[in-house]
Amino acid sequence: MPFEVSDLAELDAPDKEYLWTLNFGPQHPATHTTLRLILTLDGETVVNAVPHIGYLHSGFEKLGEHLDFNQYVTIVDRMNYISPLHNEISWHHAVEKLLGIELTPRCKYLRTILAELMRIQDHLLNTGTCALDLGGFTAFLYFFQQRELIYDIVETASGQRFHTSYTRVGGVAFDVNNAWVNKVRSFVKGFAAVHAEVHRLLTRNRIFIERVKGIGYLSAEDCINMGVTGPLARASGVLRDLRKDEPYLAYPDLDFKVVAAKDGDCYARYLVRMQEMVESIKIIEQCIENIPEGPVNVDAGSKAVIPAKPSVYRSIEGLIQHFEVMMPNRGFPTPKEEIYAATESPNGELGYYIVSDGTPRAYRARTRPPSYIHFAVFPQIIKNHQLSDVVAVLGSLNIIAAELDR
Amino acid sequence: MSAEDALKSKFDGGELAFSQFRDNHRIVVPAAKLFEVLAFLKNEQNFDMLAEVTAVDYLEYEGAKDRFGVVYVIVCTKSGERLVIKTFVNDPEPLLPSVYSLWKSADWLEREVYDMFGIRFSGHPDLRRILTPDEFTAYPLRKDYPLKGRGERHNFPVLTRAES
Chain A
1 MPFEVSDLAE LDAPDKEYLW TLNFGPQHPA THTTLRLILT LDGETVVNAV
51 PHIGYLHSGF EKLGEHLDFN QYVTIVDRMN YISPLHNEIS WHHAVEKLLG
101 IELTPRCKYL RTILAELMRI QDHLLNTGTC ALDLGGFTAF LYFFQQRELI
151 YDIVETASGQ RFHTSYTRVG GVAFDVNNAW VNKVRSFVKG FAAVHAEVHR
201 LLTRNRIFIE RVKGIGYLSA EDCINMGVTG PLARASGVLR DLRKDEPYLA
251 YPDLDFKVVA AKDGDCYARY LVRMQEMVES IKIIEQCIEN IPEGPVNVDA
301 GSKAVIPAKP SVYRSIEGLI QHFEVMMPNR GFPTPKEEIY AATESPNGEL
351 GYYIVSDGTP RAYRARTRPP SYIHFAVFPQ IIKNHQLSDV VAVLGSLNII
401 AAELDR
Chain B
1001 MSAEDALKSK FDGGELAFSQ FRDNHRIVVP AAKLFEVLAF LKNEQNFDML
1051 AEVTAVDYLE YEGAKDRFGV VYVIVCTKSG ERLVIKTFVN DPEPLLPSVY
1101 SLWKSADWLE REVYDMFGIR FSGHPDLRRI LTPDEFTAYP LRKDYPLKGR
1151 GERHNFPVLT RAES
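Sequence order for the protein chains is A and B. Per our numbering: the first sequence = residues 1 to 406. Per our numbering: the second sequence = residues 1001 to 1164.
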């Protein structure tokens, strides 16, 4: 709901003088990132909330028009930095769709595993910090220890823990080895015990339930009308998951369920996220034992793909192609077209609208950030809640300011 | 009957241009018909979610005739069908009808397009800048906005379609 001028006048009326205004953020520990809310309070009840955003606006989309398809991956990394690799997978999904590149089976499986690890990573942080903001410190520590293991896995694959810049057009930067596969296996093996532990800590914890149950209700109709997707929409009973509706990567081959709930409150969102982690583990289990052999990158015959290092060093064709892809004044032709492609990110539908003018740089690289759309819902669902519920609702929406502002 | 066929039979003046690229079904709609087409898709074809509103500045695009393209991505959550609706607007006062009355998600999405491109939406309840500060005067995602440079960023030549 937008802030309507008539509301403002009404809130300023003489008989409403007892209302007071609270500036929440931009630097408040419970906002996690730089969000700012102007809350109008009646005692402890929130009667109005106006979000002010843009503190982290850094022109990512403008940069996308000046960097090529491989370079821009380092920028999309920094959008939702809670699950950085998923942004990369999503971005290159859109680019490959534009270029018409079909990935190799090995790459599809590899990216699926990484995407699901990112989903777990995102949900771990979100449920952990949601509990942390409400006073439950232990679950957060358990979950952060698991996140550390995922960082380890990602580091083994890409050499970086956080901003990996791992995917490339038509593949990934390096193939994975057996050590990596074993790391994923041992993570999958150990995860269930920690997950069960946190279930025991939170799911039937009366203090936690009283802070989240019935708070921040969002109906299914509102979800659809306001463009809400992902775990938020599924917690309100909208059965929509792009992994099933518009299958990509290896998802058509896999057996998994779409998790949903009916209540639409913070507790339902917590439960959906917890159960989605279990489904993600199931997906990883299926993938890790069935990673196809063969090359991970698309054949370098496709002009857009960076050739493998041995061929760059040992053959003139490889060297030429490497040069063509890397040098800013060279490049390869791309279709002069526009495309919208979306994937199911941990937060919801993460889409890219790419306009290409025939060069290997996007003419326009638009991100559809789920956080941006979810934060627009906030003023509506916080109305008539207590001040302390602001933290619970913010936690359950999982707003990442870097993605919100770009 | 698919939504595209329904549109063809309802607006049969040949004003709508249908095309497909990969799995994107795209329709180019003249700005004057935009609201009517979107309202028809929302109310009669059950496209209940507006997933995305964005704009493209075609100032430097080879062969483009119009200045701005505005893109709407709509989804039917029942069938999973997706349509990409596009329309064109021009200098000096780009103006489109707001679709806030159809989908509430248009609120912030249209505000961002206004903030970044200066395209106004008539009927929007709260059209303010959203990512840049209120006192900001330029529209950063327009192609005539420079990428870097102090001073340059506040004092640069504004280009129009006729001059480019």
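If you're looking for bench data, these hints aren't it; they were derived computationally from the structure. Heads up, the beta-carbon is just placed ideally off N, CA and C, and yes, glycines get one too. Hints may contain errors.
[Claimed, not checked] Once the Cα atoms are required to be at most 25 Å apart in a straight line, the calculated SDA-like pairs of lysine to any residue come out as:
hint, chain 1, residue 1, chain 2, residue 2
1, A, K336, A, R106
2, B, K1042, A, M327
3, A, K383, B, P1125
4, B, K1078, A, D222
5, A, K62, B, E1015
6, B, K1086, A, N225
7, B, K1078, A, A261
8, B, K1148, A, R106
9, A, K62, B, K1143
10, A, K244, B, F1021
11, A, K97, B, C1076
12, A, K62, B, D1134
13, A, K244, A, R106
14, B, K1104, A, D263
15, A, K97, B, R1026
16, B, K1086, B, E1015
17, A, K97, B, K1148
18, B, K1143, A, M327
19, B, K1143, B, P1097
20, B, K1065, A, K244
21, A, K62, B, L1147
[Said to hold, decoys possible] Listing some non-contacts, in silico: residues in chain B with all C-beta distances to chain A over 10 Å:
hint, residue
22, N1024
23, D1066
24, E1093
25, W1103
26, S1105
27, T1137
Structure versus earlier hints - violations, ascending order
Those not satisfied are hints 1, 2, 5, 8, 17, 20, 22, 25 and 26.
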